[in-house]
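Participant: If you read the sequences in order, they're chains A and B.
Sequence positions in the first sequence follow this note's numbering and run -9 to 448.
Sequence positions in the second sequence follow this note's numbering and run -9 to 448.
Quick caveat, the hints were computed from the structure, so don't treat them as lab data.
Everything numeric in this text was worked out from a predicted model, so none of it was measured.
Among these hints, one or two may not hold up.
Identical copies look the same in the list; a pair holds intra-copy or inter-copy alike.
[To be verified] Keeping only pairs whose Cα atoms sit at most 30 Å apart, straight-line, the calculated DSBU-like set for lysine-lysine is:
no., residue 1, residue 2
1, -5, 72
2, 195, 44
3, 442, 399
4, 389, 376
5, 273, 376
6, 376, 442
7, 44, 62
8, 72, 62
Number of protein chains: 2
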Amino acid sequence: MAKMKAASGFRDFLPDACRKRADLMRRIKATYEAFGYEPIETPALENLAVFLGKGGGENEKLMYKLLKRGEKLQRALETGVKEENDLADAGLRFDLTVPLARFFAEHRAELPTPFKRYHIGPVWRAERAQHGRFREFIQCDVDAIGSGSMMVESDVLLATATALSELGFSGLEVKLNSRALLHLLVGAAGVAEAQRGETITALDKLEKIGADGVRGELAQRGVPGEAAARLLEFYAASRASAGLNLLDETGRNIAAWSGASAEAELAGLREVLELTPDLPSGKLVFDPFLARGLDYYTGPVFEVAAEGVPFSLAGGGRYDEMVGNFTGQPTPACGFSIGFERICTVMDERGMFGAGARAADVLVAALDDARPVERAAIELGQALRKAGLRADVFPGQAKPARLYELAEKKGIPILAQLGGRELQDGAVQVRDLKTRQSAQVPRDAVAAHVRKILDPAG
Amino acid sequence: MAKMKAASGFRDFLPDACRKRADLMRRIKATYEAFGYEPIETPALENLAVFLGKGGGENEKLMYKLLKRGEKLQRALETGVKEENDLADAGLRFDLTVPLARFFAEHRAELPTPFKRYHIGPVWRAERAQHGRFREFIQCDVDAIGSGSMMVESDVLLATATALSELGFSGLEVKLNSRALLHLLVGAAGVAEAQRGETITALDKLEKIGADGVRGELAQRGVPGEAAARLLEFYAASRASAGLNLLDETGRNIAAWSGASAEAELAGLREVLELTPDLPSGKLVFDPFLARGLDYYTGPVFEVAAEGVPFSLAGGGRYDEMVGNFTGQPTPACGFSIGFERICTVMDERGMFGAGARAADVLVAALDDARPVERAAIELGQALRKAGLRADVFPGQAKPARLYELAEKKGIPILAQLGGRELQDGAVQVRDLKTRQSAQVPRDAVAAHVRKILDPAG
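Based on the provided sequences and hints, a complete structural model is requested.
Facilitator: Structure, rendered in structure tokens:
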């Protein structure tokens, strides 16, 4: 019966988790909508050609593929299977960015320019199963397509910082850099072209393995000691600075080390820093060592950290080339992805979701199985709903202990019961399950009585 | 480039459609939650063993299967592929009922009894592509597991009728029957056991092909003329009656035709009719000829029609055996499925979604590309949001015509612009795009001015 469980790496969500996830989605949506981003939906699966070689990088290798069907499958098997893709014609999306590019190309005549959209939905990756890695997870993306203005960078990062702030995160730090600048910096320090990528990867581990660890790795890879020393020294100095000053200093270092001008790379970042007003609950900082993994970024990149959270909450950047793969013409784009699953976990662990939701305000139960009594219970439920309350009607009969257990499991604070006698008297027994006090209440007064228990001050 | 479109039979949703679909989901959820149903989520895919032979019937054949990966795929190809399932180890869900049964079995220790859940989510079926048939569509299910009481039937049908009524449908007719009763009726009329299934299928076409058409089909299949005449006569008579009277008449007919007692089959249906109070915007009727397609139903079945809608809006029934396939013990269950996609289409066609939503309340734009002006535009957007408005900031510069077009495409009714002069004067040009009236408004007063335009009476 092991196969009768959810597939390995996949999760079920019970009601409490579902309510929290829905609440998180609703709040993120509200912020992005306040910035004029609009919702779209794309299918879970796309033709394989959409995904292949479109900048998905490592994620492309983790794609789930859909088996061909019927005659197409027969033909493939008969002609001989040379590679996996002979057997599949579609794949489950592994991110929301490639589908966005395909969507934009297909519908651009109908879309406003710039097209600002958010998309919150599941993606699938055949990750090696390990703690905290899931094969189906929610991505939450916000992107603007069609404008090269740095006001877009400012807009997406302001929107994202506002969303995180509204969720209750504080001490936000939005880090800004560009891949081109980082490559220029590393090169200017004296790292040969072929080693720049691995040098950046090594530097990115500095907080984990320390300066000596990084120095060792760089030496091993043949990076000249002087280059390593320059980079490590500047790295340490850069932690104490942040904004336009650090930007200028980066430019001066590059000039001093190599005589090159970094002005082209610095201009866009300077513009973002100058354009962006104060963030809610945090600040925008320039970090010349910020490296973002995805290959498709072409300009500024960002990452958001929050005080006391040991991983980044969101990341993004400008990718002016990927959408053009689908539209056939230059199409600038810039976006952010919020780490929905991580944020959900952190918020849950830290009690940031507020009080537990209840499945209903009141549990209605019949005290005996006479049909008029059962019908009266159903009618009472309906009457309470008409009065704006959420009423759960218990089907059949049960001992009090079982009803209490049910109410507790569903977080329902009040029990309303009636039997033949109550029916005759036009009354209902209402029990406050917290105080354990019961009262005989006239039927017409039950809704008001329930409200009073729910909100004594109301 | 044809492959660069959404896969055949799959749909993209643009912002306006997304907002309508989200609105529909929100309203359905609100009603089900008012009845104490709780949300759950299950993965998009399940191990194949979960789906195979679990009562999915025809839908099981339409399942999309996920190609095995890496070594597992290699092994399968090397040992020789005998059947499709040698290449696949998981499938996309084709309904929400089989996953619910698996979910319930896996988590039952943590779940309340009865477990009342709703689930609104996509399912996938490799349907032959044709008009109005999609391969990815939303199902919207509400089910209660763990109680055999007919109060459950009453609860699910009341909840579903209330949901449809809240959406704006009127003249609702919830039809009630049971498969056992229909089989008994057809048998009592004189149809041999082997022909009962096809007789029921033929009768179900009566409204499409007429009494003569059905009579011809039945004769062709060898159904005795007397049996056909009895059924067709009673069918005609049953259209004029509905509730407990028709129930009694059905029992009398069965007794008169065959001497058999239908009391066991009638009792449950009578109970549902007697338990259920008046429905909002409609009525509950007994229909002895209602046939529901799915094989897994074991008791009462339902279907909901609305005035002027040429197809059913929802259907459901009791299925006391399917969940037991997963739990290993008898587990009663009963539920309803709302036709989300059909309802969405009808509501859209009939303008039942209310006025078109707007992507934002106001579009903010800079009148020139001086950095302080662009920053002031971004800051104005943020100030308007702090005042509770939704503000979309245009990145870069654009001619008025382009801004008007953007505002129109996004349904934004107001344009707020500032340039160097406005910045100096602490003012903003606010334009009502409907009346085409512009006003120079002090910066502090922009939010109030925008509100006044949005709601002149407010």
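Participant: Against the structure shown, which of the earlier numbered hints fail to hold, in ascending order?
Facilitator: No numbers; nothing is violated.
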